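Peer 1: Residue numbers (the numbering used here), protein chains in the order written: chain B, 3 to 682; chain L, 3 to 682.
Please note that a few of the clues may not be correct.
What the hints assert, rightly or not - Okay, the calculated bits of chain L under chain B, using three or more residues with CB under 8 Å as the criterion: (1) 22-28; (2) 100-112; (3) 278-292; (4) 353-366; (5) 639-652.
It should be emphasised that the hints constitute simulated quantities derived from the structure, not laboratory data.
The model shown is predicted, which means the values in this text are computed figures rather than measured ones.
Just so you know, even glycine gets a beta-carbon here, dropped at the ideal spot from N, CA and C.
2 protein chains.
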Amino acid sequence: MGTPEIIWSCIALVISIASFVVAAYFYKWVKQLPVANARLEEVGKLIRDGAFTFLKREYRILGLFAAVVMVLIILFFPEPIWHGNPGKNITMAIVYLFGTSLSALAGYVGISIATLSNVRAATAAQESIQKSFMAGFRGGAVMGMAVVGTSLAGAALVYLVTQDPEIVMAFSFGASSLALFAKAGGGIFTKTADIAADLTGKVELGIPEDDPRNPAVIADNVGDNVGDVAGMGADLFDSNVAAMAATIVIAAAIGQVAFMFAITSMGLLASIAGVFLSRLGPKGSPSRALNGGTYITCGIFAVLTLIAVLISGFNILLWVCAMLGMVAGVIIGITSDFFTGDDKKPVAKVAESCQNGPAFTILNGFSYGLLSCLPALIGIGLTALISYKLGEAIGPGYAMMGISTAAIGMLSIIGMIISNDAYGPIVDNARGVAEMAGLGDEVLEITDELDAAGNTAKAITKGFSIGAAGLTVISLLGAFLELVEGAGATVVFDVMNPMVFFGILVGAAIPAVFSAMLMNGVNRNSQVMVKEIHRQFNSIPGLREGTSQPDYAKCIDISTRGAIRELIPAGLFTILMTLVVGFIGGPEAIGGFLVGNIVTGLLLALLMSNAGGLWDNAKKFVESGNFGGKGSDAHKAAVIGDTVGDPFKDTAGPSINTQITVVSLVSSLAATLFVRFHLF
Amino acid sequence: MGTPEIIWSCIALVISIASFVVAAYFYKWVKQLPVANARLEEVGKLIRDGAFTFLKREYRILGLFAAVVMVLIILFFPEPIWHGNPGKNITMAIVYLFGTSLSALAGYVGISIATLSNVRAATAAQESIQKSFMAGFRGGAVMGMAVVGTSLAGAALVYLVTQDPEIVMAFSFGASSLALFAKAGGGIFTKTADIAADLTGKVELGIPEDDPRNPAVIADNVGDNVGDVAGMGADLFDSNVAAMAATIVIAAAIGQVAFMFAITSMGLLASIAGVFLSRLGPKGSPSRALNGGTYITCGIFAVLTLIAVLISGFNILLWVCAMLGMVAGVIIGITSDFFTGDDKKPVAKVAESCQNGPAFTILNGFSYGLLSCLPALIGIGLTALISYKLGEAIGPGYAMMGISTAAIGMLSIIGMIISNDAYGPIVDNARGVAEMAGLGDEVLEITDELDAAGNTAKAITKGFSIGAAGLTVISLLGAFLELVEGAGATVVFDVMNPMVFFGILVGAAIPAVFSAMLMNGVNRNSQVMVKEIHRQFNSIPGLREGTSQPDYAKCIDISTRGAIRELIPAGLFTILMTLVVGFIGGPEAIGGFLVGNIVTGLLLALLMSNAGGLWDNAKKFVESGNFGGKGSDAHKAAVIGDTVGDPFKDTAGPSINTQITVVSLVSSLAATLFVRFHLF
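Construct the complete structure from the given sequences, taking the supplied hints into account.
Peer 2: Structure, rendered in structure tokens:
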């Protein structure tokens, strides 16, 4: 290990610690904010308790899963323990556990702060939109700092201690496997409650969103936390770690690990600066504040990394790759904003088509979702192509480094991205608790405005996360090839090789089946919950009139049980299919399998996220008084579109990112095994 | 050209002529059947005139398009005329025109016979279900015999005269480019009318399907003919020619063209026998009669080809590849039947979920559609893999021949497949004209039963057509590589080559954008037609009561204009994107582009066809009295699902097959150009 590597790993550790200090500072800052009244306190506690109850039950299952995987790793990975080096197997297992634990911790911290911030942001809205914005944003920033700090510190520590890139892969697999289940479980929980609450409340009974008479309303707010906050935290933790792990594997071969840590630590530093600088001016719009913060962070990142490159003497072309990744992230975000933004043509067109009934709402939104894939896929493809060519210009072995540097560059400002992303569900929740605690219409107006800004910012952050996932899995493919060659095999992933093509076709089906399983889970559970809500309205006297309380806990329990039951099969299916294809067709089939997975995974993720976001905003567009407004037939059609879009954008769509990462990591971990043992 | 090649090409010509004789015999047989009454005659004439009007206007536009392409071919393909051999350019242009003309002819013949058969099948239903079945089936068989006969005769003629595989590609491109637009135009026409008629008639006014008061009802029936009959005919004509063209390119290099003609002509002979043997026994079910005919044809094909192989001394392993393709087609058909059959679990589940509203109908059907991709993709992948390995065992150069033989094998019994497929819209139309001419409930019951059998048989025939398209485009990829190497370049489609990967990502977006454009076309047009129907009901006195006639012609005109306007852009987009990617990235980018196209093309085609079929049958399941039956809330939800599914299964889904074929053929034609001129 060279001196620059040690220096930059240590710098990464120091900046991570700084981010923890910032997170702790913001945590305290949010916690000392006042809570309006006892009712608000009570509602907040219900949500908090529900979220932690789910988290505990989820983590218990995932703990069992992790224990089983640890045993398997000790026995078989990277080589059967009776063949290879038992020490390595054991280290891998420990590091795997470390990855899962940190990922779980990221989710835990997120829930802690989000369930504090929601009620405080609602309270602050009584004073001013600026104060409420700060409560929501700094709550999100705790999450952002904690997630990025732990992922960077974790990767630096594992690399410093073991100095073995393959073991960093195990760390990444730990993070990703937990993220996969957390995202799936949280996504099923949140949409079960959301759909059931909307269908019974808004559609059947005509009561407003977040009305306290609705038995599913607390479960819905719990869902925002376990799905959007904890799930998303685990997901971005995993993307970030996976990008670093792939880069370390590739960079280690050419002695460029120091550069990787330089870029990622400067990114975190830039994000720290960004979150401090983000604030809502007296006349500013919250969505401009969020996006403005992102752009400022990008600027700081560019300057800091340029300085680091010049001081440390890194290759300037690699720096260009990082910049390219960052810019591509912004551009992909802007195009997805075009398809989902409520001031753009697609949303207005879909809202207009709602007048002709729900079938047109669905067809139109789905078509725009399909169209939205083109710019993003071209963007990812071009970024990969150019960064590869830039890397190639540096020298042999640098080509894949170019791609993974672009991925790292795109994820560099992830601290800021997560802060923006976590802000969304916090202010959404603030709106919910404000309604339930009866804080009045002015507060609702402010929280509505803050919530809308969260939705807009989400388009850009989603662009970053899908783009980064695309580049990351391409570099993971490179890392897989590296490991296969390390295991003594020479392979070419030539598509004219029928084994590769077979892998491509089977791999292409995996994201489709995975998303279908998750959506069916949401389907099944929300039908159960709809029945329960009907039961409560029919059997609890005075509930309809608001003179008695519904049984919130029962609905939370249905969401929890359902999510716990459904979260394992889909993830397990993808992992098992990877192993089956690998042990049948060997590394060539897996190379194809990963390509097929990446291609349809990106397509479906883009389609589902963007169509879902589009339907959501078309509904809001109608609700704000267009084409007949609330209660009109157009509105009913728009609500149906939104309901279809819910599991698209919040359950299946964002989980696919993690799914393709997990499949790539499993392949890398089993690379040696696939080389040694395969049927054909 | 060796003697066996000449012999088998001539046998192919002779059997093609035999199929024309059979087609003419069936045509006369159908034509001499009686027509019940003057009203039926009149309705039949309205449909016939509408269909031919559309066809003429469509062919005029496509004639212009073909003329432009001819000029381009003369100037640039396969090489700029000032570089290469002008004679070859001119031959290619002529052969291209020949391909488009035969494809257009196939559509024309289909419409002629279908618009004769519909009224005669309706009349025959007054006598017995057996007679009505025969009228519908033999009408379909005219189409089947004519399409397969012309495609085989065309390919044999072009090959005999020019003896140049590259020129056969131009013939195939002629067939496919016309099919692409015919399929898109017909698909937009039919769904525009169908959706508008359903939404206004069934949903708003509560009048039955095919009620003569509905102004769109004739347009809807015209649509069945121009979309399902003419479009489908052109489509399968194109698949068949493309599979033969790809095989000829690959087989010419190893002297196996004779084998290709042996397989295809024995397939046509088996189909001729099959259509004569297919009949409905006094106690048989029509769907068993259709599927039974398919299985019998498969058996005859196996025996005939085995004899041909033994007599001519072809390699027995190639015969095994053909059998493998045929069996895989049946298996893929059976799996797609599982997802869409009205006696299977998915249909019942989706129908059940209709009780919870349209959002669940959509989510559930969409999820099953996603799941349905897995078995078909594995089936195509395995078939390609095994047939490649079998080919490889024969000797060098035979590996890709294995795959293309499997494609040829899967398409071998296409004469029978088309007969079954064209039967569907004919009896569907028979039902429509029977309702409009008031032939009574007993006739409607019989035609309903025949129609349902058509839907079930469609699942299997769709399995064949998607599976065959998959294998065909894989062999077209092989043919492209062959042509690139023929142009003096050495390329490997290695996915780790960023140019290949870039191509994959861009190619993956094309089928998505293509289907979105078609669906948006349907959307736009049917909204216009809904307005026109409202206008007629509001302004024509006595229309609602049935005392005056609607203006059918106006609706036919809207469908026609809309389809003509929308049919060019989507197809042109895919052709232009292929050229852009090729001239930017060269043959390697195109190799990737084709792979991306194939992968997402197959995925979307399977998803859309199967989800669409599933929603259609779920609606029928509800209508037959389940979960509240007609008029219930569940029924309304089911109708919305069906409306979403209509453009999925009849516009976008089946056009994707043709789209990926066209892209592959354009690539092959431009292969030399891409090798010579590309930016990077």
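Peer 1: Holds or violated: the region 278-292 of chain L covered by chain B, criterion of 3 or more residues with Cβ-Cβ distance under 8 Å?
Peer 2: violated (count 0)
Peer 1: Tell me if chain B covers the region 22-28 of chain L under the three-residue, 8 Å CB rule, please?
Peer 2: violated (count 0)
Peer 1: Counting residues of the region 353-366 of chain L whose CB is closer than 8 Å to a CB in chain B, do you get three or more?
Peer 2: holds (count 9)
Peer 1: Confirm or reject the coverage of the region 639-652 of chain L by chain B under the rule of 3 or more residues with a beta carbon closer than 8 Å to the chain's beta carbons.
Peer 2: Three-residue rule met by the region 639-652 of chain L, so holds; n is 4.
Peer 1: At a Cβ distance under 8 Å, does chain B reach at least three residues of the region 100-112 of chain L?
Peer 2: violated (count 0)
Against the hints set out earlier in the document, violations occur for numbers 1, 2, 3.
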